[in-house]
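Peer 1: These are the residues of each chain, in order.
2 protein chains.
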Amino acid sequence: MLEKRNFPVKELHLFGSERSAGRKVPTKWGDIAIEDFSVDKAAKLDVVFVSVSGDFSKQYCDAMAKDGAVVIDNSSAFRYEPDVCLCVPEINAETARKSKRRVIANPNCTTAIGLMALYPLHQKYGLKKVIMSTYQAASGAGAEGMAELFNGVKEVVNGPEGTVAKNEVFAHPLPFNLIPHIDVFQENLYTKEEMKVTWECQKIMDLPTLPVSCTAVRIPTLRAHAESITIETERPVDLAGARAALAAAPGVLLKDEPAAKRYPMPLTASTAYNVEVGRVRNSVVFGDHGLDFFVCGDQLLRGAALNAVLVAEAISQPSGTPFSPKL
Amino acid sequence: MLEKRNFPVKELHLFGSERSAGRKVPTKWGDIAIEDFSVDKAAKLDVVFVSVSGDFSKQYCDAMAKDGAVVIDNSSAFRYEPDVCLCVPEINAETARKSKRRVIANPNCTTAIGLMALYPLHQKYGLKKVIMSTYQAASGAGAEGMAELFNGVKEVVNGPEGTVAKNEVFAHPLPFNLIPHIDVFQENLYTKEEMKVTWECQKIMDLPTLPVSCTAVRIPTLRAHAESITIETERPVDLAGARAALAAAPGVLLKDEPAAKRYPMPLTASTAYNVEVGRVRNSVVFGDHGLDFFVCGDQLLRGAALNAVLVAEAISQPSGTPFSPKL
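Chains as they are written, first to last, in our numbering: chain D, 1077 to 1403; chain P, 1077 to 1403.
In short, the hints are calculated from the structure, not lab data.
Each hint should be verified, as a subset may be incorrect.
Simulated restraints on C-beta separations [to be verified]:
no., chain 1, residue 1, chain 2, residue 2, range
1, P, 1092, D, 1231, 30 to 40 Å
2, D, 1335, P, 1392, 44 to 54 Å
3, P, 1115, D, 1262, 58 to 68 Å
4, P, 1268, D, 1312, 20 to 30 Å
5, P, 1107, D, 1231, 56 to 66 Å
6, D, 1335, P, 1134, 18 to 28 Å
7, P, 1231, D, 1245, 21 to 31 Å
Virtual Cβ for every residue (Gly too), placed ideally from N, Cα, C.
Just chain D, with the same shape it has in the complex (with noise of 0.2 Å):
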């Protein structure tokens, strides 16, 4: 990702673990040899991307920063912290650029795509329910997780009638099922992924008691999640000017051509930086205060990678300046 957003790198380190030290990769600066993570090297730095797991991020994420480095962690170890900025860099860059402490977190992925809309729709018309419904990829489990969907309607597919794939990964096998469980079961009894999406929406658009119910669903997909969003506003919205403030949003590629069957799908949003937005039509429940549609982004790239490397470059920006990245 920073290769593709040519972002300027002066000098590279690439950490791993004691196994990975010593491998090269290939990169445009050169092919960089992999060492051995040390927490005093990496303070050094200018920007220490970090995403290994929450304990990693715990143990180490403030002694990186504490010489100055920025620290932009993509676990979910920081993000509900209140003097730590959960940064969507289109939305609250200048939060990250101010913050004193030096770790920006990396938001979850669903949350990081759907915010894509609900943002600009909030500062057009005032969010004042939100309900989601979401259809997330294999990839939200990692490579293993991909492999683990691949591999297994293979076996389907190419196996007796009746084959049931094994699972390790996920709760259930996936191929050809969905699974309405992601991550673990927490005492209202959502999951803490759809807890996620309540919290971190709260966090990042700075509206802390707005309420967000969200129900996540794995399926049988592999880089990209879909979200059916229903929203009740504060003002009346009319579909023409939310059209217009979706088009005119960075981050977002307005795909809403129903008659031309042109709306968000993983087909077409996985590998692209914008999410897709689309199906966009007055609700029948809140009539003209309130909107439903559909969004669909790639969950490694806004769900990941790139909103990373995003705040990065947001932070470099000086303060006051609107971040509207070309993607």
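Fit chain P to the known structure of chain D by using the hints.
Peer 2: Positioned in the frame of chain D, the structure of chain P alone reads:
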């Protein structure tokens, strides 16, 4: 389905096109030869099940019903006519029994599946708003749809990387994809499939002004539809009470033990007569006046053949009898 339900068949006639006429079908009532369709012959029977097309139904159903046959029609031709009962027999069998017009409409599959959970909750708490997002199987587009998905998936997993399956039945390739477009788009930008859920929930529960909004999405599963449903209720909902109402409802299997990873899924709901209901929780958005829950039911059974045969069972029971079949 007539065989499996031990329907009291005295005489079975199978009608088809000229092309099928003569072919013998093994049944537990003997090998029955398909007859070339004749309105007059069909009209002399007690019950006629029709599953051809809306146009066929419009042309022949009333003619078959005029001599006293009850015609149970699986098409959408008559669903919205005020003097036709649109029937989920556990809900409105009495309307079907009392209907003067002897054409009874079998509902849209998505609606019938969702209503199994919605109606008992309505009886206990009163529905105020219904918001639904669907996860619909390929079988909704018939055997051709199932074949296109299965063969398409086979092509993709066995082909070179980047293989995209062909599509004829669906608007786009369905393997590893989803399509937020089922049936044709209406003027209000909902699809007809989505509006069927609105219109049919209102008609079957006799709640003509109930706001119901649906987003209907085709996903790569084979024959069970799932639905993520949010409701707002007139009266406060206690979770134990809601669970008890669902557990007691005919046609429902309450499958709601998150800790044991038991919740509705196509893998378990396919070929089952009962609709699975789970993930029941008080809604973050509507608090104690609402629920989020998830349902999954076999599209070919409750969504079609089973419901049709249950209608026939229900109307042969005396008026005033609640219909609570053993499934």
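Peer 1: Now tell me if each hint is right for this structure.
Peer 2: Okay, the hints, checked on the actual structure:
Evaluation of the 30 to 40 Å hint for residue 1092 (chain P) and residue 1231 (chain D) yields a pass: the beta carbon distance comes to about 37 Å. For residue 1335 (chain D) and residue 1392 (chain P), the hinted distance range of 44 to 54 Å is satisfied, since their beta carbons lie about 46 Å from each other. Here the CB-CB span from residue 1115 (chain P) to residue 1262 (chain D) is close to 59 Å, well matched to the stated 58 to 68 Å. The hint said 20 to 30 Å for the Cβ distance between residue 1268 (chain P) and residue 1312 (chain D), and at roughly 26 Å that hint holds.
The hinted range of 56 to 66 Å is not satisfied by residue 1107 (chain P) and residue 1231 (chain D), whose Cβ atoms lie roughly 38 Å apart. Between residue 1335 (chain D) and residue 1134 (chain P) the beta carbon distance is about 27 Å. The supplied range of 18 to 28 Å therefore holds. The given range of 21 to 31 Å is respected by residue 1231 (chain P) and residue 1245 (chain D), whose C-beta atoms sit roughly 25 Å from each other.
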